Amino acid sequence: TQLLEQSPQFLSIQEGENLTVYCNSSSVFSSLQWYRQEPGEGPVLLVTVVTGGEVKKLKRLTFQFGDARKDSSLHITAAQTGDTGLYLCAGAIDSWGKLQFGAGTQVVVTP
Amino acid sequence: DTGVSQDPRHKITKRGQNVTFRCDPISEHNRLYWYRQTLGQGPEFLTYFQNEAQLEKSRLLSDRFSAERPKGSFSTLEIQRTEQGDSAMYLCASSPVKGSGSTDTQYFGPGTRLTVL
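So the protein lines, in turn, are chains A and B. Number 228 marks the last residue of the first sequence (this note's numbering); no jumps. Number 1079 marks the last residue of the second sequence (this note's numbering); no jumps.
By construction, these hints were calculated from the structure, which means they are not laboratory data. Check the hints yourself; a few may be wrong.
To list a few chain B residues with every Cβ distance to chain A over 12 Å, as calculated [claimed, not checked]: (1) Arg971; (2) Glu1030; (3) Lys1033; (4) Gly1034.
Pairs of lysine to aspartate or glutamate residues, derived as EDC-like cross-links and limited to a Cα-Cα distance of at most 20 Å, are as follows [stated by the list, open to error]: (5) A:Lys187 / B:Asp1066; (6) A:Lys173 / B:Asp1066; (7) B:Lys976 / B:Asp1048; (8) A:Lys176 / A:Glu134; (9) A:Lys173 / A:Asp188; (10) B:Lys973 / B:Glu990; (11) B:Lys976 / B:Glu1045; (12) A:Lys173 / A:Asp200; (13) B:Lys1019 / B:Glu1006; (14) B:Lys973 / A:Glu155; (15) B:Lys1019 / B:Glu1030; (16) B:Lys976 / B:Glu1040; (17) A:Lys173 / A:Asp184; (18) B:Lys1019 / A:Asp211; (19) B:Lys973 / A:Glu158.
Some chain A residues judged to face chain B by a derived CB distance under 8 Å, without partners named [to be verified]: (20) Leu205; (21) Leu216; (22) Gly221.
Computed from a prediction, not measured in an experiment: that's the story for all the values here. We treat Cβ as the ideally placed atom computed from N, Cα and C, and that holds for glycine.
Input sequences plus hints: build the corresponding full structure.
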């Protein structure tokens, strides 16, 4: 079983601070997706990374895919209260796109 | 078409009853996935379809669970003789097939929250 470990499990910061969430595995993934989920809702896609070493930026969010395609990170600059949510990483584990999810990192941004 | 829709959003049932959930994927997305998510965990894969064909079922999907996608459009997930351990959020996702399947992004619906009393 390919496992994705996310760290930290919980992160509480104040508005304006920066944060980084990590997603690690011993297995190689053909692609990796990051989602944000709010209570009672489904995950909302943030980004898909495909190429080892790839860096993608989405406004204040920076996503990095490790060179070996086994790990990824999400960095948020100058966090806002609207960034609060559960951040999930998910790796594609077969050619049909079946996803293996990490347990998530709960981020709380306080004013 | 604004995205994947699921119905109902919430379902409360008594142990032993049968329940059925519906998922309407994004139009022209020929792949459809079902996941289950319990509190504090990420979603876990249950099953998926390519058009109307069910390609794989997780070991999590006991014989009380059945999923269909009769015309390759909407899908239903039925749970028979529900148990308290079935309480979870049931998520549906769809994706197009553009090229290499493993890189096709999955778009999730809002989920159906099931509570078994």
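Run the distance test for Lys976 of chain B versus Glu1040 of chain B: straight-line Cα separation, threshold 20 Å.
holds, 15 Å
Lys973 of chain B paired with Glu155 of chain A [C-alpha distance capped at 20 Å]
holds, 19 Å
With a cut-off of 20 Å on the C-alpha distance, tell me whether Lys976 of chain B and Glu1045 of chain B pass.
Satisfied, since the Cα-Cα distance of roughly 8 Å is no more than 20 Å.
Straight-line Cα separation of Lys173 of chain A and Asp184 of chain A no greater than 20 Å?
holds, 14 Å
Is the hinted pair Lys173 of chain A and Asp1066 of chain B satisfied, with a Cα-Cα distance of at most 20 Å?
Judged against 20 Å, a Cα distance of about 17 Å means the pair holds.
Check the non-interface label on Gly1034 of chain B: least C-beta distance to chain A beyond 12 Å or not.
holds, 15 Å
So if I understand the rule, the pair passes when the alpha-carbon distance is 20 Å or less; does Lys1019 of chain B with Asp211 of chain A pass?
holds, 14 Å
Would you mind confirming whether the straight-line C-alpha gap from Lys187 of chain A to Asp1066 of chain B stays at or under 20 Å?
holds, 18 Å
Would the hint linking Lys973 of chain B and Glu990 of chain B be met if the CA-CA limit is 20 Å?
violated, 28 Å
Satisfaction of the Gly221 of chain A interface hint, Cβ to chain B closer than 8 Å:
holds, 5 Å
Given the hint that Lys973 of chain B pairs with Glu158 of chain A, does the C-alpha gap stay at or below 20 Å?
holds, 14 Å
CA of Lys1019 of chain B to CA of Glu1030 of chain B, is that 20 Å or under?
holds, 12 Å
The structure shown violates the earlier hints numbered 1, 10.
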